[in-house]
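Colleague: Each chain, letter by letter, is given below.
Number of protein chains: 4
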Amino acid sequence: MTKKVAVLTSGGDAPGMNACIRAIVLACERADYAIIGYQHGYNGLLNQEYCLLNNNQVHNLIQRGGTVLHSARCHEFKTDEGAKKAAENLDELDIDTLIVIGGDGSFKGADHLSAFWSGQVLGLPGTIDNDIGGTDATIGFYTAIETAVTSIDKVRDTADAFERIFLVEVMGRHAGFLALHAALASSADYVILPELFEKPDVTLECITEQLNERRKQSDHISYIIVLAEKLWPGGIDNLAKALTEKTQSEVRPVILGHVQRGGSPVSEDRILATKLGAYAVSLVTKNVSGVMIGERAGQIVEVPLKLTWEESKPLDKQMVTTMKTLMNERYA
Amino acid sequence: MTKKVAVLTSGGDAPGMNACIRAIVLACERADYAIIGYQHGYNGLLNQEYCLLNNNQVHNLIQRGGTVLHSARCHEFKTDEGAKKAAENLDELDIDTLIVIGGDGSFKGADHLSAFWSGQVLGLPGTIDNDIGGTDATIGFYTAIETAVTSIDKVRDTADAFERIFLVEVMGRHAGFLALHAALASSADYVILPELFEKPDVTLECITEQLNERRKQSDHISYIIVLAEKLWPGGIDNLAKALTEKTQSEVRPVILGHVQRGGSPVSEDRILATKLGAYAVSLVTKNVSGVMIGERAGQIVEVPLKLTWEESKPLDKQMVTTMKTLMNERYA
Amino acid sequence: MTKKVAVLTSGGDAPGMNACIRAIVLACERADYAIIGYQHGYNGLLNQEYCLLNNNQVHNLIQRGGTVLHSARCHEFKTDEGAKKAAENLDELDIDTLIVIGGDGSFKGADHLSAFWSGQVLGLPGTIDNDIGGTDATIGFYTAIETAVTSIDKVRDTADAFERIFLVEVMGRHAGFLALHAALASSADYVILPELFEKPDVTLECITEQLNERRKQSDHISYIIVLAEKLWPGGIDNLAKALTEKTQSEVRPVILGHVQRGGSPVSEDRILATKLGAYAVSLVTKNVSGVMIGERAGQIVEVPLKLTWEESKPLDKQMVTTMKTLMNERYA
Amino acid sequence: MTKKVAVLTSGGDAPGMNACIRAIVLACERADYAIIGYQHGYNGLLNQEYCLLNNNQVHNLIQRGGTVLHSARCHEFKTDEGAKKAAENLDELDIDTLIVIGGDGSFKGADHLSAFWSGQVLGLPGTIDNDIGGTDATIGFYTAIETAVTSIDKVRDTADAFERIFLVEVMGRHAGFLALHAALASSADYVILPELFEKPDVTLECITEQLNERRKQSDHISYIIVLAEKLWPGGIDNLAKALTEKTQSEVRPVILGHVQRGGSPVSEDRILATKLGAYAVSLVTKNVSGVMIGERAGQIVEVPLKLTWEESKPLDKQMVTTMKTLMNERYA
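Protein chains in written order, with the working numbering: chain C, 697 to 1028; chain A, 697 to 1028; chain Z, 697 to 1028; chain E, 697 to 1028.
The reader is advised that the hints may include incorrect statements.
Note that identical chains are pooled: a pair holds if it fits in a single copy or bridges any two copies.
No farther apart than 27 Å at their CA atoms in a straight line, the calculated lysine-lysine pairs in the DSSO-like style are these [said to hold, decoys possible]:
#1 Lys982 x Lys1020
#2 Lys895 x Lys1013
#3 Lys937 x Lys699
#4 Lys699 x Lys912
#5 Lys937 x Lys780
#6 Lys895 x Lys1002
#7 Lys781 x Lys912
#8 Lys937 x Lys926
#9 Lys774 x Lys700
#10 Lys982 x Lys937
#11 Lys982 x Lys942
#12 Lys781 x Lys942
#13 Lys937 x Lys1002
#14 Lys926 x Lys699
#15 Lys781 x Lys937
#16 Lys1002 x Lys1020
#17 Lys781 x Lys1009
#18 Lys699 x Lys1009
No wet-lab data here; the hints were simulated from the structure.
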């Protein structure tokens, strides 16, 4: 065994994290590296809580949601004392490379650790929110879209049956990726997301006008609005109330919530997770550290960890244009 | 054409209503009966709003959620004037048989109509709540279970990853069928439903004790509670807050909501819908009216409409026993 | 620990076997019984290959397909020497109760063992074929229907797009349960299954006549035939060829195959598995042995093992009637 | 109405074709263009068989598999007479733009038509095979991967339960895209596809060596091989037989077949279809014709139709590298 690698998952869990762990373990075995997994995110690193990983343990794992290494928040790790402790623990186990699968908070932690530890630190983007700079998609994003979209497909059945207005809140923290993709793929009639949102009353006006225009064509229509979480002042119930008043129609709110974090990863997430995981292991003997492995325009890229939270990441322009066209540009 | 049949869907939509419409239309064609569909529930009956139905229109329909005939509430129909108007409309079109697919509210309407119309009135149980007497299952119930269970499967991924407590609210109006089936099939740790619920503080005590007992075995456990809607005083957020205080742990609420009403029906709902629909058509020449067609112990039954809301319908005893055993009887 | 229970899975794997193992383990823990699992079916019993089972091992197991105890064929076990060896092994471990989850072949083995072992032997019906007497459904049957039906839903998309004839072969050994349920739930136009099959040329004639009749209404129709495996002389390709000649149309064969055995169990299978598993454990202190636990007309029943293969089990009459009606009785 | 657009679907149907039709219809309505749909591929164009399309007809269509415009082969269209007739028909209806959704055969037809018709001809890539130059993905490809992968997930349950070798044949005509993606995403142990295939005996040797190596670690392993269709001399049964002999183990073949063509499109296909469809309509007033609209490295591109079949399209290099690493390079 020429090298020893450690992996951990941190931050919100995302479908495909297990697929990524599997790829890392198998690639390490092929390269004859030892591989361990720290449990409960950075807490495991601080408490030297880990397990040996091998082929058998990751068999039949690619399709499972969640993370077998568990995840957790860890405030202590953010301190210099925490990072030093972590560095000591890594050295104690003779770890050459630490691979962190997580979101921007996890990468900040990894970057901070780099100041106290001389080993190789690699990040892999795992979050359903896709709010990580330097990579087109993150592990878990595709599955979250699929979960949101199949849920909205079900809501549309009822919306059509009753010709009613539904308001569906999807996750996404402070980015509109999930809302935009879910809205476009579910043929939502309107989408409200951070990057395109101006003022509540402008939005209310646009929705009402578009709805009125559509009702001129037919009395019997359903209407689905996709809303990004944490965006509307007072929350989804507030928006539902305002819309009910403005449109004189019943408006039903649906909050998709934590269902969006779990589930068996779709193929795209499994493939992304597997490619990035295997690539990370191929870097173990290379002189590179403090980077996240991502994918841009179909190419694997190595991005300095800092860029993952400093770089602003815009929505896909063509998708925005398309959504506006279908919503009717006048009201978008 | 010796006979003329009309069908409508009323009340909350349920997966399998379309499968039922299809079976009725095909069975009518085979028997050489004319068949029309009233739209928007009883509203269509009052406004003579209907469409002719045939083989082509119901092709590729069996797997679609919602109802192509649409549904709606109709207060006017509950009045004697409404029922008389409906009777006149049915006679105007020479309808011999009216088939109503819906829940107990729809059956009350159908029963009321019987007092003013001499034609044949047949009910078919369509609701995800399964709260209809005289039949073991209702069309849509199986799909709603499946939707709830696959959602809870996803929640469990995150619950396990973070070893956290989740509270999942499922539909069911005033009956615990959906909560019990979903809890058992999703391996929930606890279930709170009308038929088994005593006092909030007793329930809080039971959950806490069971949780403490399980934590003696391991610090790292997840815990999922399934809650029937409209049951907990102050709602799910209230329960989440109370549990957080009592267990000193984060508790995350998830409301499955309207997602449970839609979706492609699972096979069991398609089969039930098809059997009941075809059987209803086989009664068109028989001297029977004012009944719901249901299934009990694997046999098709004809039940007076009144029984469907008067008869109390208990939970499956063996399922209750099983759930209590797995929850640990002491705390159930 | 007052009692010691062993469980094994035998015969073809079926979705829900893991859910059943989980229920048995949890019910044993609640009753304070020890519980072990023999691996690789009866082979494990012969080779004393087993594992201790507890709560942790069956966590998050309810939704997984296959069987964590593995399964395998075992010819040696059918001999008297094999059964004696098994009895000795069971006694060596002080087993009070052996629970076998499997099909009729597995039950024959269990029954044979009873002649050589004085402990309690209980069977639980686990097979996708539903060809077990004494129970309305078997663990795995509902999931296999769902898998077949969602596959046929996909085939129908292409059949409709090209207005083409498709022939879909489903599993079922020598019984037509899966074929009948899958055909009815997928709105197949025709079904060929052992219980309703007379002669190949009669069937060919019926299909052709029905097809011609439907083509009188429209040139543009798709047509789907569900075929039970091992039924048509020369196999599905032979039937496809014969149909092509007779109908002068392209006929595409699809063999669903082993896909039907796996997958996450649907709720109905999880519930059945859980009820039967928990009930089996409740019998551990009762004076009953050599029985299978099944469910009939919604009630749990205990059935002598012999009946499970001796009793003939008919198709659901109402389903047969319904299928014939929808296929058009003249050609059924 | 300043412009008039016609759309048709041709070649093998693919999930997302309906989503594409919907986007085209809505974008045309927004731009105030008239829009018609030719039915049955190029046959409709030759027979002037078409329907007017509008908002209502494409409501609730985005999630449906197949194509509502139907598809079909059309030999007559390949002749000069056929193309001339088509051109006349298009002029008769005053069509400005013809949009063809299909594969390379369909694009050859569209290109041929361009020689006889002065209107605008646009192609959109719709095929599950992804064998179209000039675009990274084709509409339907993502869904076909997902269908194959969820099927192989089910096969793995049985493979694991019995520790058996399974051989799964996926579609893909003469390209290995589907095989490679499905193999990587389903954690297959080996993949056989056109781009990486040398000689049958080399492959047999590699599989056997890899299998033997893995069996040194454990007797109890399952092993899944993904095979591209039409590749192995004598077909999958031949390979199964050869493997059985060579490995002295049972090998079960599974042919996924036509199931892979249908089904509700996954989000990625819906999004691609919607973007490309809306973009095509945005070209209606532009001076460009004889191109396919595709997506490369996240950017919409316009590619001369000829390139779509002349340009060779390689597999994703990183995926090939990853698959080889995980298969163990020595045997890949």
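Colleague: Does each hint hold? Answer for all of them.
Modeller: Here is what the structure says about each hint:
no. : hint              : verdict
1   : Lys982 x Lys1020  : between (45 Å within a copy, 20 Å between copies)
2   : Lys895 x Lys1013  : within (22 Å within a copy, 46 Å between copies)
3   : Lys937 x Lys699   : neither (60 Å within a copy, 42 Å between copies)
4   : Lys699 x Lys912   : between (69 Å within a copy, 23 Å between copies)
5   : Lys937 x Lys780   : neither (52 Å within a copy, 37 Å between copies)
6   : Lys895 x Lys1002  : neither (32 Å within a copy, 48 Å between copies)
7   : Lys781 x Lys912   : neither (67 Å within a copy, 29 Å between copies)
8   : Lys937 x Lys926   : both (17 Å within a copy, 20 Å between copies)
9   : Lys774 x Lys700   : within (24 Å within a copy, 50 Å between copies)
10  : Lys982 x Lys937   : neither (57 Å within a copy, 44 Å between copies)
11  : Lys982 x Lys942   : neither (61 Å within a copy, 40 Å between copies)
12  : Lys781 x Lys942   : neither (58 Å within a copy, 34 Å between copies)
13  : Lys937 x Lys1002  : neither (42 Å within a copy, 38 Å between copies)
14  : Lys926 x Lys699   : neither (44 Å within a copy, 43 Å between copies)
15  : Lys781 x Lys937   : neither (51 Å within a copy, 35 Å between copies)
16  : Lys1002 x Lys1020 : neither (33 Å within a copy, 32 Å between copies)
17  : Lys781 x Lys1009  : neither (34 Å within a copy, 51 Å between copies)
18  : Lys699 x Lys1009  : neither (35 Å within a copy, 37 Å between copies)
The structure fails hints 3, 5, 6, 7, 10, 11, 12, 13, 14, 15, 16, 17 and 18 (numbered hints given earlier, in ascending order).
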